[in-house]
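Knowing the structure of chain A, use the given hints to seat chain B on it.
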Amino acid sequence: MSIIRYTLRRALTAVPVLLGATAITFSFVYLTPGDPVDVLVGFDHVDPETRAALRAEYNLDRPLWQQYLLWLGDVVTFEFGESPITGRDVGETVASRLPHTVALGVASWTLSLAIGVPLGILAAIKQGQPADEASRIAALVGIATPNFWLGLVLLFVFAVHLGWVRVTPPDAPLVSLEMAWFVILPTVTLATALAAIVTRLMRSSMRRELDREYVRAARARGLRERTVILKHVLRNASTAVVTVAGLQIAFLVDGAVVVEHVFSWPGMGQLLVESIGRRDVSVVQASVLLIAVATVAANLLVDVAYAIIDPRIRHDR
Amino acid sequence: MNEQTTRRGRIRIDGLEEHLSSDRADGDRTDADRPGDHRDASDRQMAAANTRPSATSASTGRSTLTPRDGTSARTVHSRSRLEESWRRFRSNRTALFGLAIVAVLSAVAIVARPVEFSTMGYTITLQPFSLAPYDPNELSVGPPNAGPSLAHPFGTDWAGRDLFSRVLVGGRYSLSIGALAVALALCVGIPLGAIAGYVGGWLDEAIMRIVDMLYAFPFLVLAIAIVAIVGQGYWNVVFALVVTGWLTYARLLRGEVLSIVETDYVAASRALGTPHRTILARHVVPNAVAPVIVQATLNVGSVVTAAAALGFLGLGLEPGTAEWGAMLAQGRSALLRGNWHVTVFPGAAIFLFVLAINLVGDGLTDALGSRDGRERRGR
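Here the protein sequences come in this chain order: A and B.
Taken in order, the first sequence gives residues 1 to 317; the numbers are from the UniProt record's numbering.
Taken in order, the second sequence gives residues 1 to 379; the numbers are from the UniProt record's numbering.
In case anyone wonders, no lab produced these hints; they're calculated from the structure.
Note that CB positions come from ideal geometry on N, CA and C, so glycine has one too.
Incorrect hints may appear among the rest.
[Said to hold, decoys possible] DEER-style ranges, computed between Cβ atoms:
id : chain 1 : residue 1 : chain 2 : residue 2 : range
1  : B       : Arg90     : A       : Glu133    : 43 to 49 Å
2  : A       : Asp74     : B       : Ser149    : 55 to 61 Å
3  : B       : Leu131    : A       : Glu133    : 43 to 49 Å
4  : B       : Ser259    : A       : Ile309    : 22 to 28 Å
5  : A       : Glu57     : B       : Asn137    : 45 to 51 Å
6  : A       : Leu8      : B       : Leu203    : 36 to 42 Å
7  : A       : Arg62     : B       : Pro319    : 47 to 53 Å
8  : A       : Glu57     : B       : Leu203    : 40 to 46 Å
Bound-form chain A, shown alone:
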């Protein structure tokens, strides 16, 4: 199967998932205690006429499936309307926060791979030796440390105690030296657990490859260990990196929500938490949906990347 056909087929399977995700997000308004009109007016008291008018205006008197389709149509064009709480355009609000989260996510993702991949390879090669044991312990500690706690501790040490960084983000554009300086701590916080997971997965995948026949054959041919590892094992273990990178995306978003709160980083996660506090259902919907779409899209990309690296995958399903 050609890669294009595989991509198309894989993309088709994402469609029902996305529809389901939008349906779940759509239902937030109805699942929230109270009437949808309450949600619209931000749980203020309004007289019955206004309620009826709002009902008609927002098509709340139509059957549920029609409302869903109308909403879906708006969502697809990124029209979320105005937030009844803040009066600001929901789409714009979300879009203004997005770059911060993407920046934090990409930085942490890169850092975690930069730490985890070499460490995992090292641990696999030095299996059973002190280096392996040390990386195992480091990974365990990294996984067990709650990221919000790590963030708080780092904040205390480097911002409160040493005074090297500010406690809250500087009032500077996202791409600037001050911002880059500030983002170091959140990045480290978010990357720690990820790096630990990457290390462990990389190690086990390397071990699996090292046990294969071709490695024995390569060694038997008298190749240097270095060549065996770099030329043969690593190439085959690289699929693991892609899997790992994919696994991380959901994890990264989850971490970002918490870490952004610790560092008052004005990203999507912080927006989500703020909006829940304000009972701003429209913003909650928009941000959750955007996160879901991003996750689905990222997983799609990972699968395609996987199929490019390992053509056998294309015929598997």
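Same frame as chain A, but now just chain B:
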């Protein structure tokens, strides 16, 4: 690894060992067994060839024809398998260490304050001990924001509450949420996953599509959204963590079931006319459940962290509750004023528990020979 499959004169269920050992072969830390892999594979083939007819009749056959004998054969078998796993687990010192920490933390949470149960005017004291020196919610038992001292080993928070007592009692919330949420999620995930894998068809399709849809949302984001809808509180947090938690188990179990349904012993059982329900409950699920158990153990750690994260974000239990996460939420402002102890101790408690659970989970991975137990939530 070889011993357990071949060197014991115990009754084999055909296909089971094959299944388990193939899992182990690509597990995380089976490296020690590496030189034996070949021997193991050939042993397995030989053993399978030798025992296939007798094993089938001994285990699955009897269980339907003469129930008493059948069940005894089965229990002997499963007991020895459990014993074998337990023996392996017991020889793993780090795992035992983790188990000890979990046990101590649980015990401490129970004896932190007396457990009383009052009804109709009577008060029944279930547990009279009180390890915590103060009531965790009593204000001004000491000066506000005091550092650790002899009277208050972990210091006090902004309202003068004793942090040591709060951390001890906080374990009740965190640990019980972790245990409950995982147990309930297993109760949802195992049946659904088993049915999806065993029955197949549109039912499988429907269940797995639901799983896929919920998987579109990252774990914590979905939990946050659910708590945002249903509101704060203990049971709402448990509910949110169950809704997000069962997916993994259902998917994992379905995959295992799919491979077990193909085995000869299931085919034999079917041929003998065993009801599907019996096959599923007696033969398929018990043999498929090991990786799910490993995953569930590890998930207790992530569920406790997630519950604490919800508390930290102010979305979990009511603010002011002596829950580890909620305590950290209050700790942030204290920390910025330099009162490090308010955050360090509750956080250390979470860390210790999650670390211990991971040690136990790793031990189980090795003992049960589950497939890569480290693979966490992803797609």
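Going down the list of hints, with the structure as the test:
{"no.": "1", "hint": "B:Arg90 x A:Glu133: 43 to 49 Å", "in the structure": "violated, 21 Å"}
{"no.": "2", "hint": "A:Asp74 x B:Ser149: 55 to 61 Å", "in the structure": "holds, 59 Å"}
{"no.": "3", "hint": "B:Leu131 x A:Glu133: 43 to 49 Å", "in the structure": "violated, 35 Å"}
{"no.": "4", "hint": "B:Ser259 x A:Ile309: 22 to 28 Å", "in the structure": "holds, 25 Å"}
{"no.": "5", "hint": "A:Glu57 x B:Asn137: 45 to 51 Å", "in the structure": "holds, 47 Å"}
{"no.": "6", "hint": "A:Leu8 x B:Leu203: 36 to 42 Å", "in the structure": "violated, 28 Å"}
{"no.": "7", "hint": "A:Arg62 x B:Pro319: 47 to 53 Å", "in the structure": "violated, 39 Å"}
{"no.": "8", "hint": "A:Glu57 x B:Leu203: 40 to 46 Å", "in the structure": "holds, 42 Å"}
When held up to the earlier numbered hints, the structure conflicts with 1, 3, 6 and 7 and fits the remainder.
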